[in-house]
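J.: All chains, please: the whole structure from these sequences, using the hints.
There are 4 protein chains.
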Amino acid sequence: MTPNMENRGNEATPVGELKRLVRRFVEERDWDQFHTPKDLAIGLSVEAAELLEHFRFRSDEEMEDRLRDEDRRTDIGHELADVLYFVLLMSANLGYDVSTILRDKLELSARRYPVDRARGVNLKYTELNRDSGESY
Amino acid sequence: MTPNMENRGNEATPVGELKRLVRRFVEERDWDQFHTPKDLAIGLSVEAAELLEHFRFRSDEEMEDRLRDEDRRTDIGHELADVLYFVLLMSANLGYDVSTILRDKLELSARRYPVDRARGVNLKYTELNRDSGESY
Amino acid sequence: MTPNMENRGNEATPVGELKRLVRRFVEERDWDQFHTPKDLAIGLSVEAAELLEHFRFRSDEEMEDRLRDEDRRTDIGHELADVLYFVLLMSANLGYDVSTILRDKLELSARRYPVDRARGVNLKYTELNRDSGESY
Amino acid sequence: MTPNMENRGNEATPVGELKRLVRRFVEERDWDQFHTPKDLAIGLSVEAAELLEHFRFRSDEEMEDRLRDEDRRTDIGHELADVLYFVLLMSANLGYDVSTILRDKLELSARRYPVDRARGVNLKYTELNRDSGESY
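Residue numbers (my numbering), protein chains in the order written: chain Y, 3 to 138; chain C, 3 to 138; chain V, 3 to 138; chain B, 3 to 138.
Treat the hints as calculated values from the structure; they're not laboratory data.
One should not assume that every hint holds.
What the hints assert, rightly or not - One side only, chain C facing chain B, incomplete, derived with CB under 10 Å: (1) Phe-36; (2) Gly-45; (3) Ser-47; (4) Ala-50.
As the list claims (entries may be wrong) - Counterexamples of contact, computed for chain B against chain V with all Cβ distances above 10 Å: (5) Asp-71; (6) Glu-72; (7) Asp-73; (8) Arg-105; (9) Thr-128; (10) Glu-129; (11) Asn-131; (12) Arg-132.
Virtual Cβ for every residue (Gly too), placed ideally from N, Cα, C.
T.: See the structure below:
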């Protein structure tokens, strides 16, 4: 394996390539017929909840232990991957560019949560900016 | 803008770069103190549900119209971006390589949903493979 | 079984009795130690998603069939019961009177969705009342 | 108001009466046309997530304070009521008796989590009973 290919297995992978992997998985199985946008949005929520279930009734210390246990760590990674699968599939099917929507949203969030006001504060922007007269 | 930079705004963006954008956003605001793994998993579920809300009580036809309306389309894209934000943040904080967990999970799913058996079928793998004697 | 007891198995059951059943189940297992309000809210979301999963990738016709199949119908009922379990447990633990919060919320919703305006319309109240100058 | 009526505003209210309140609210607005079972299940998940959002990024101590603040306490109660609204509506529309499904599920859960084994333990039944040779 060339160093370049090795990179491909990690952070250097273009997000578009991940999208294509997901699309190919679906096309090979002829599953588009079941994938209305509503059903994909359901899929995303269901997978997010399966990830969340790992944390239910566990203290932060207990979760730290579990995240060090190899089997559980793998399971949790798989659940996270399932959520990403639906993010990529939904983006592909609805024609969103993943990178663009993320940057656009970060820009909007940066206006809603200006550094000088939001730093070290866990309030929602509607509360954070209540007195500023600004709304987004 | 150079062609290279233009590419960066789209599918060619390495997934690691998206991760860094999200980490920087959080660090500038000193928000790590609020981000236990459990709270990030909650964040993911909450954002997935906000996306899902756009589809509630709407027929498929109505959603098609809404996805053509520019403002709603932007709103829905933002919700999708919020989910991705938490996927990337959680991956970064818990030390998962996004590309690796996606590929690993696709491999597992390919075993659970073999093409010859799963093609055109909307059953869960536990039902799909009920008679095959295999379990994953 | 006396007629009175028979009634108890159905709609005549006081909601407070259902609450006590749930509390007893928890107390017998000494589970309060795991039930922070946050974890109960997580439990509610996880169970709601397990119910939702039954509907993913299914057409309305397919769901009608499934809801007539006795085993699936029982499974779906159990998921619904799991959600109710957490609603009752959370109400008990946080000191909410179930009947009162439902009535209070229905009153608020009646103001947000006045019959003459909301009848046959599937808009959210923020859109429904956009031109009325009222906000709730 | 007679003592009996006063009771009706609280725990003594039959669960069937709460169901009828919800059905009436829907019928007055002619909303059944939007309420496929799938959309009601979506509604349930969305409302559960809105409740969950109140807990995101908050420590247990912070939540205790918030639950003592009258306005926030009311808001959280309303979110809990929204979840109950969909539990009751779904039960009514799909023909489930609320009290019966709760009791049936508690019986199943009692077998999955026998007191002597589950007491003070926060494991899922699939883990709890791994060595017992029993499965439910």
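J.: Taking the earlier hints as the rules, which of them does this structure contradict?
T.: 8
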